Amino acid sequence: MNNKIEVEHLTKIFGSKPEEGLKQLEEGKSKDEILENTGMTVGVKEASFSVKEGEIFVIMGLSGSGKSTLIRLVNRLIDPTAGRVMIDGEDLTTMDNQTLLETRRAKLGMVFQKFGLFPFRTILNNVEYGLEIQGVPKEEREQEARKAIDDVGLKGYEKQYPSQLSGGMQQRVGLARALANDTDILLMDEAFSALDPLIRQEMQDELIDLQEKLNKTVLFITHDLDEALKLGDRIAIMKDGEIVQVGTAEEILDNPANDYVSSFVKDVDRSKVLEASNVMKIPEVTASFRDGPRMAIRKMKESNMSSIFVTGKNKHLMGLLTIDDAIHVHQNNESMETVLKNDFPRTAPDTQLKDLIAVASDAKYPITVVEDGKLLGLISRASILSGLVFGQEQETEHEEVHA
Amino acid sequence: MSDFYFPLEEWTNSFVNEWLLPTMGDFFDQVSDILGLFVDGVTDGLIFIPTIILTLIVAGLSLWLSGKGLAVFTIIGAIYLVSVDLWPEAMQTMAIVIVATLLSIIIGVPIGILSSKNETIYKIVRPVLDFMQTLPSFVYLIPAILLFGLGGVPAVMSTFIFATPPAVRMTNLGIRQVPEDMVEASRAFGSTPWQLLFKVELPMALQTIMAGINQTIMLALSMAVIASMIGAPGLGSVVLSGISNVNVGLGLTGGLGIVVLAIIVDRLTQGIGEKL
Numbered sequence: 001m002n003n004k005i006e007v008e009h010l011t012k013i014f015g016s017k018p019e020e021g022l023k024q025l026e027e028g029k030s031k032d033e034i035l036e037n038t039g040m041t042v043g044v045k046e047a048s049f050s051v052k053e054g055e056i057f058v059i060m061g062l063s064g065s066g067k068s069t070l071i072r073l074v075n076r077l078i079d080p081t082a083g084r085v086m087i088d089g090e091d092l093t094t095m096d097n098q099t100l101l102e103t104r105r106a107k108l109g110m111v112f113q114k115f116g117l118f119p120f121r122t123i124l125n126n127v128e129y130g131l132e133i134q135g136v137p138k139e140e141r142e143q144e145a146r147k148a149i150d151d152v153g154l155k156g157y158e159k160q161y162p163s164q165l166s167g168g169m170q171q172r173v174g175l176a177r178a179l180a181n182d183t184d185i186l187l188m189d190e191a192f193s194a195l196d197p198l199i200r201q202e203m204q205d206e207l208i209d210l211q212e213k214l215n216k217t218v219l220f221i222t223h224d225l226d227e228a229l230k231l232g233d234r235i236a237i238m239k240d241g242e243i244v245q246v247g248t249a250e251e252i253l254d255n256p257a258n259d260y261v262s263s264f265v266k267d268v269d270r271s272k273v274l275e276a277s278n279v280m281k282i283p284e285v286t287a288s289f290r291d292g293p294r295m296a297i298r299k300m301k302e303s304n305m306s307s308i309f310v311t312g313k314n315k316h317l318m319g320l321l322t323i324d325d326a327i328h329v330h331q332n333n334e335s336m337e338t339v340l341k342n343d344f345p346r347t348a349p350d351t352q353l354k355d356l357i358a359v360a361s362d363a364k365y366p367i368t369v370v371e372d373g374k375l376l377g378l379i380s381r382a383s384i385l386s387g388l389v390f391g392q393e394q395e396t397e398h399e400e401v402h403a
Numbered sequence: 001m002s003d004f005y006f007p008l009e010e011w012t013n014s015f016v017n018e019w020l021l022p023t024m025g026d027f028f029d030q031v032s033d034i035l036g037l038f039v040d041g042v043t044d045g046l047i048f049i050p051t052i053i054l055t056l057i058v059a060g061l062s063l064w065l066s067g068k069g070l071a072v073f074t075i076i077g078a079i080y081l082v083s084v085d086l087w088p089e090a091m092q093t094m095a096i097v098i099v100a101t102l103l104s105i106i107i108g109v110p111i112g113i114l115s116s117k118n119e120t121i122y123k124i125v126r127p128v129l130d131f132m133q134t135l136p137s138f139v140y141l142i143p144a145i146l147l148f149g150l151g152g153v154p155a156v157m158s159t160f161i162f163a164t165p166p167a168v169r170m171t172n173l174g175i176r177q178v179p180e181d182m183v184e185a186s187r188a189f190g191s192t193p194w195q196l197l198f199k200v201e202l203p204m205a206l207q208t209i210m211a212g213i214n215q216t217i218m219l220a221l222s223m224a225v226i227a228s229m230i231g232a233p234g235l236g237s238v239v240l241s242g243i244s245n246v247n248v249g250l251g252l253t254g255g256l257g258i259v260v261l262a263i264i265v266d267r268l269t270q271g272i273g274e275k276l
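Same order as they appear, the protein sequences are chains P and V.
Counting from 1, one number per residue, gives the positions in the first sequence under the UniProt record's numbering.
Counting from 1, one number per residue, gives the positions in the second sequence under the UniProt record's numbering.
These are calculated hints, taken from the structure and not from any lab test.
As the structure is a prediction and not an experimental result, all values here were calculated from the model.
Computed Cβ-Cβ distance ranges for the label pairs, DEER-style: (1) S63/P <-> D130/V: 35 to 43 Å; (2) P127/V <-> E140/P: 49 to 57 Å; (3) F27/V <-> E140/P: 50 to 58 Å.
Listed next, the in silico DSS-like pairs over lysine-lysine satisfying Cα-Cα at most 30 Å (straight line): (4) K315/P <-> K341/P; (5) K52/P <-> K107/P; (6) K364/P <-> K354/P; (7) K266/P <-> K281/P; (8) K239/P <-> K107/P; (9) K341/P <-> K364/P; (10) K354/P <-> K374/P; (11) K114/P <-> K52/P; (12) K281/P <-> K364/P; (13) K138/P <-> K275/V; (14) K114/P <-> K117/V; (15) K107/P <-> K199/V; (16) K117/V <-> K107/P; (17) K147/P <-> K114/P; (18) K155/P <-> K199/V; (19) K315/P <-> K364/P; (20) K299/P <-> K313/P; (21) K299/P <-> K374/P; (22) K68/V <-> K275/V; (23) K199/V <-> K147/P; (24) K354/P <-> K266/P; (25) K155/P <-> K275/V; (26) K199/V <-> K114/P; (27) K341/P <-> K301/P; (28) K123/V <-> K17/P; (29) K114/P <-> K275/V; (30) K299/P <-> K364/P; (31) K138/P <-> K199/V; (32) K354/P <-> K213/P; (33) K159/P <-> K199/V; (34) K114/P <-> K31/P; (35) K364/P <-> K230/P; (36) K159/P <-> K275/V; (37) K213/P <-> K138/P; (38) K17/P <-> K117/V; (39) K239/P <-> K52/P.
Heads up, the beta-carbon is just placed ideally off N, CA and C, and yes, glycines get one too.
Only chain P is shown next, with the shape it has when bound in the complex (with noise of 0.2 Å):
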């Protein structure tokens, strides 16, 4: 496959004599030792890294690692004090202004954590903004815009305005704008970080499915090393300027550069081994299969539910009853063992979360944790998600209640 974005040594140095900088950075000077003798400071370090077609590529590092200024000088919004950044073969770093344009015209979209819309135009008017700015007669520019509001599920809102909407929408609308332009790469920068975590959640799955459907090549910047991890095929790690580590999530967990990496690499460990345990709530109302159909009528009316577990003795989970059979089987007098349903799922409290999603994705009803047929807990597709989006919070939460 091609190589869609190639940079190659790209260095960036901040402040009013980058060259000084440059030149202690060829030295062997450190970040700290430049800042210290000249006052500079040094952005983005030597980075060099490639971005094939097709491929999301995640460069993922903390704040004031560089890796804003990095996406930055990938488009040239930043200029670079040295190194290149090829873009379909053709150096960016030494085009003239017009072809800058030309190029970012038609070849780089960008996504912002902060959205970056314009409150004074609609939505529509928004995501024609690029076509806009290249002359694309007004029918044909509301036509392709149209098209990109409904590619990320936006239709009926395009007379709005950006205020109307919520940070969710709003980022859709920032996406559409970079989709509208129909360039072959999507820059994003930080693209799902301002939004929470289950809308965050429904993004990324919607990048992955968009990227399969456009074949666009992603470059994309994030300081959550689980989004890099689920969205990555390549993933580059940045500490200080400097790129320290590239490859597939694999690789990075597998064989950690240094130990910058493999710090993060643990927390990863660590949220992954999350079980059905950690996240299940225990039943706040089951019915004894001794009180019979009227009581379980009695619990699901008070609680409004419209099933319940039934448990014989010692919890010994026996089947669910819904409110229709509970009902029937009391009018009938009919024994309440006939109408258990059975078709709910179980799991056993050791299960990693991870294996959960798709079964709580297809379920109907909470998945059961059973052990040695005892009822301990259910679990909510809600439930697995937050646990994996904050594992770790919600485990120490668990430990302060306990405490």
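Starting from the known structure of chain P, arrange chain V on it as the hints suggest.
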């Protein structure tokens, strides 16, 4: 007193009399002629429109831009101006304000844009603006007479100098305040600097710029009154003759007329700013 004397007065006078007037005199005469035609045209136009129609137009604008209150006030104010027989004077004052404000906008807004884009320009412009705003407004009147003679034209010029700073300052501020992510978004999609300015920065800065223009108009109104001292026709000259004849009644009549104009113009331009 010290023996040292700084001959700023003599230098300035010889600069103006021996160099500026002989070499640039023709140029100033031409500017004076063109501006004079312009001021007279606007004055004639305002006076030519029947009082009732002009009042209804402004009242309609008031209703649309501000509300019922201002519309009623506009009508009452017009009745007042007509009943004290000061309508033509009010229109003369407005003509000077309109021409001076247009000049301030045409020259001030582009300077504001330039100083928001270029730190060097901003560093030069800022002290000039401070100077323009702190120098007592009467001081502008003297060179205005020398260069443009007496009447409406020097009034417009001194008003323009006095009223331009807010237009420059607020344009500069408004453009600097445009959020960085919007500027980046515009650039990332391949906007030219002009497209960035006209499609993103100016629309975003419009409310701030309008607040500056509102200030410019208010300053212009106050200066147009002071400029009556160099023979500018209008409500200011009514007040001035009230002062020189110690005629309290005449002074109050003209002064109230200025207040009426000021309130209407201020609320109207604020209304435009809020509508945007």
